[in-house]
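The listed protein sequences correspond, in order, to chains G and Y. Taking my numbering, the leading residue of the first sequence gets 259, the next gets one more, and so forth. Taking my numbering, the leading residue of the second sequence gets 259, the next gets one more, and so forth.
Accuracy of the hints is not assured; some may be wrong.
[To be verified] Straight-line C-alpha distance at most 25 Å; calculated DSS-like pairs for lysine-lysine:
| # | chain 1 | residue 1 | chain 2 | residue 2 |
| --- | --- | --- | --- | --- |
| 1 | Y | LYS282 | G | LYS369 |
| 2 | Y | LYS310 | G | LYS369 |
| 3 | Y | LYS451 | G | LYS451 |
| 4 | G | LYS380 | Y | LYS451 |
| 5 | G | LYS380 | G | LYS310 |
Keep in mind the hints are simulated off the structure, nothing from the lab. From a predicted model like this one, the values you see are computed outputs, not experimental measurements.
There are 2 protein chains.
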Amino acid sequence: MAKRGKINQRQRILEEAAKLFKSKGFAGTSMRDLGGEVGMEAASIYNHVKSKDEILESICFYISDTYISQLAEVEQTATPYREKIETLIRQHIRLMLEEGAAVSVANNDWKYLTGDKLTAFKDARKRYEHGFAALIEQGIAAGELQPVNVSVALFTILSAVRWVELWYRPGRGVSADELEQNILTMLLNGLAK
Amino acid sequence: MAKRGKINQRQRILEEAAKLFKSKGFAGTSMRDLGGEVGMEAASIYNHVKSKDEILESICFYISDTYISQLAEVEQTATPYREKIETLIRQHIRLMLEEGAAVSVANNDWKYLTGDKLTAFKDARKRYEHGFAALIEQGIAAGELQPVNVSVALFTILSAVRWVELWYRPGRGVSADELEQNILTMLLNGLAK
């Protein structure tokens, strides 16, 4: 029970930290700010996390590990390429809707990672982009996808999806399902009839 | 001739300022930095521009005026909606490729505008987004476009196009024409066959 409580506290600290980093930036957030949000003395927070840097690492790698494991699963599933890409886009949108603050931190504050952690994060991003690009390439080779330039296709998808963070607010007339379905329509079928 | 020279000097100051604002941010750029780039004493720069704020205004409104006049022209041209939207996407990409630094400043540093100028810039952006959205809506009503949610379609297009600034570098294997054509294919026809 004691251990479980400690894990939950850590989880709560990470969640509040992600929200603070998103709104004030990693550099602009102090352990005192974080203490205020979780209702703990800054000193007590160190019973659950090692440092502000360690919090950032946990958030960034939670997101990049999620992306990488989703990619690995899609790569191994025997479905048409079109479906593989649809699944990745769908997962991207869902992660953003469910873990918006953490995704935002991984997108914007990863540059405050240092040393090995920075290298590992950049490597994970490259692994994801290369894996996603390879699926597009294979889909084109298999005749399932249009013969577009793979980089342009990849970055158009990632840009469209990433920006959801900046403009989408739930409850303003577009539901999460509608958002997902419409982005998939735009990217896979296009706007023109 | 003297007047012409003065206009050219002002133009050159604005171009160098856009590059500096893009790389160092508006807040991080001083008139002394700008003087260094254009090879003038900071004091002499004031013969051509009123202030750093006025430089920012000129850059932001140059870009927003360009968008608005392109939109107005497209609205008045008697072509199918699909073509209207294609033209706007194409112009967006071209402006980014030709005036990358100024577009970046208008995208990122507009928030340093103040008072009436800030209001006018936000109004111009709204006018553009509403006008673009109306064309999508009319295109759907006319049966030329897929019945997507208009906001999702608009922001997917704007996000995909805006991000070109962040990932595209000419001369890395994708030409400007190829970039334009591939983005149009993705957004209008979709990736799937």
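For this session: Starting from the hint list further up, note which numbers the structure goes against and sort them upward.
Result: When the structure is compared with the hints, numbers 2, 4 turn out to be violated.
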